[in-house]
Each structure stands twice: as C-alpha cells, then as structure tokens.
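K.L.:
Please model the entire structure based on the sequences and the hints provided.
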Amino acid sequence: MTNSTEIHPFRIDVPRADLDDLRDRLARTRWTEELPDAGSDYGVGADYVRRLASHWLNSYDWRAWEAKLNAHPQFTTEIDGQNIHFLHVRSAEPGAFPLILTHGWPGSIVEYLDVIGPLTDPRAHGLDPALTFDVVVPSVPGFGFSGPTTERGWNLQRVARAWAELMRRLGYSRYGAVGNDGGSMVSPEVGRVDAVHVAGVHVTQIFSFPSGDPAEFEGMTDDEQAAMAHLQWFHENLGAFGQLQGQQPQTVAHALADSPAGLIGWNGQLFGDGVDIEFALTNMAIYWFTGTSASSARFYYENAHADTPTEPTTVPLGLASFAGTSSPSGGSSTVTTRTWCRGTSTPSVGTTRRTRRRTCSSTTSAGSTAGCSPRTRNPPGEPPGTSGSGLRGMSSTDTAWPELDADPRAHRFGRLRHRVFPRALARAAHDDQVAEAECVAEGRAASARPE
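Numbering of the sequence shown is given in this note's numbering, commencing with residue 29 and proceeding in unit increments.
A few of these clues could be false.
Listed next, with one range per pair, are the computed distances between beta-carbon atoms [claimed, not checked]: (1) R189 with D49: 32 to 42 Å; (2) E339 with A92: 41 to 51 Å; (3) G123 with A268: 45 to 55 Å; (4) A334 with A99: 43 to 53 Å; (5) H282 with P242: 40 to 50 Å; (6) G67 with R197: 46 to 56 Å; (7) R180 with I35: 20 to 30 Å.
For the record, the hints were derived by calculation from the structure and aren't laboratory data.
All values derive from a computational prediction rather than experimental measurement.
Here a beta-carbon is modelled for each residue, glycine too, at the ideal position from N, C-alpha and C.
P.N.:
Set out below in structure tokens:
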C-alpha cells in the first residue's frame, strides 16, 4: 500500500471462476454426524447447515445481490496503510446531515441496505424531507471488500480513527456515527476520538459489562435484572465465538477459508432461524468471496489485547433498544446508564418515540439526576470529568417485535431491526439534533446561574 489519500470508484464483480468454485465445494460437502436428539444443545445443527447450503447451491443468486450493492456508489481509499471500502450515498435534499454507519460480525455493509433509501431519500419513502442524511457505510478493515488486514493492531480505536479520517477526507466537518452489533462498539469510539466533529452517536447496543462490584446491582429494577440474566445466558450459551476469536482466531480460520459449509456453521451461530436466509447467505458470501474470515476474526483478538480507554465518551449517545437485547445497566464507568444523566458539561435529554416527550432515560444510580442537568455534581469519590454524559435518541423497549423475540440471536442484525424501524431510526437521528440544540441552550442559561 502507498500513502495516497486518493478516493477511487469501486464496483463489485466476483469472477465467474469463484462462483463455480463455490458451487463445486458446496456440492462436495462432507457432512458431519450428530446425535439424533442434539437439537442446538451442541451448537449449530446439521439441519440448519444443510438447509442453507442447499439454498446457496440451488436457489441463491449472488449476481442479484451484487447488483443491489452496486446500485449504490462505492469507493475505496487507503487510510493508515489499509484499504477501506465504503458506500457513499448523498441525499438530493438540501441540508442533509452526514452519518457514518458501522456494521459488526458476522454482518457486513448489507446490514444497512434497507435504510439507505429512507435516510437519503425520505420524500420517496413517505417521510419528512427535512429528515435527510448523506450516508457513508464502510466495510470495517479486515471485513468484506476492505479486504484482509495486513498488520497487527486493527482494533476498535484504530478503526474509529480511520473513520474520523474518512469523514474528514469526504469533506464532512460535522457528522453522526451510527453502529449496529460490533459497530455499536466502534461508533462510541468515533465520538471519543473525534469529539470536535461528531454531533452524536446512535447505537443498537451499549457494551457496558458488570465489573463484579455488587454495588453495581443495587437499585436495579426487575426489567434490568432480567436484562442481566439474558446477558448471562448469552455469555454461557452463545459466547463461544467471542472466546475463540478473541484467543485463537487463526485456528478456526483454516476451516472457514476452505469450506463454505463450515462458514455457514460458524457464522450461522449468530444468525439462526430468525434471520432471513438470503440476508444470512449474502453476508456469508461476502466473507467467502473476499477471503476475510481470518482477518474479521482477528478483530476480536485485537480488541481483547488492546488497552481500554478510561475516559468517558462526551458526545451525545442514543440507544435504540429492542426486544431480545440486553439493556445496559451498570458496568463500565466509561459508558453506562449510571452516568448518562450526570454530565459534567454536556446536558442529557432523551426522546421517547411513543410519547414524543423529552425525558432523561432511566438510570440505575440513586445519585443520578433526571432531566436536562448540565451542572450536576460528580458523585462522592468520583474525580471531576469522569462521568459519562449525553443521552439522545429513542427507546423502544416497550414495543413488541415477535420476529425478534422468536430467536435470541436475531436482534443482533440490522436487517430485521431496520426492516421494521427505518422511519424511527431516521426520526431519532433528527431528534438528536433538535434535542441537543434545545438542551445546550438550557445549559448555557443554567451555567450563568449560581449553584
């Protein structure tokens, strides 16, 4: 790689030979045995792998999905020695606000295909044309069409710095960062490393885990305790991918690079039956054709061996929490509900989609202050500047989504979530800007008053 800052047009065109090779491998799959009553007790079952492999071989049309991806402008550029692939779709409406949207694993840019239209062309989707955005959807380094990483160290923080440079290179001086699944870990880091330019962060999960201090569980509601129980269940039953990829990613990568059936089994553990088969296979196909199973797994290793930032995020942070997710409660002091309403300088306000009223989202700390409170004091024993601050966006935890409840894995992927919620996602991002302006104005007025 060179140190060029040039941006080049890109178009996906998988060679015919690669398609033929995939078909040949699928047709010659050597199937594993399993216990007759195994179900999913031992992991992804043979029935699931056989069903997806059959669909991939006999029904799936990669060229059709390739055309869907190529319908959006795509580009590549080099940042920090790494090739970066991204979609860049500009709105035709004036005053569009820029968003960078980040996917996770085992997803890809496909997670966001269904929301590009509503976000960039709201008028055509029956939405307020004032709710319009330019969207940048990059492939995380080591994932998809960004290609494999070629050196150590591509962790969350390095990706976040690359995203900040990408947005600068595209000419955006103020933008929002959106994340789903693993992207929900990257996007808050974008706000951390580029706080001057990031107006707000919007995620579908907040990764804030208990430290083991019993005091973190004091005052939890029944719903929050249930969320913690779900988190524990997920860790004990579906956490194998994170453990292996965080410790020995290369070990599993050999099988994934050689066997499409193996790729279905490994990546399928977080898709499950609740996710559309075409969506699941398109994500898997991208990993297969780009040869990024090893490098995407290394992302977990790099994060497991990286230094964790200790300072809080200071930009507004919004959460779209859906049924089946583990709602954040306690945990890390850098991003946690216990500090959302204790900002040191940035006031906090949220918007709830169903009531349309401004409210501070629920907290788990008795010392938290509700409402827009720019000058609340830090808790006893907590040094100044260590409280997180700023909550924006929406909460839909009171909304039933049967298709998400049916499979505890389905909530991780944006296509299900964004299929039923694209308008709310767009409106929430707009509310972020409105709420921030209102609350900052209140904060300026309050800062002139004596405490």
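K.L.:
Of all the hints given earlier, name the ones this structure violates by number, lowest first.
P.N.:
4
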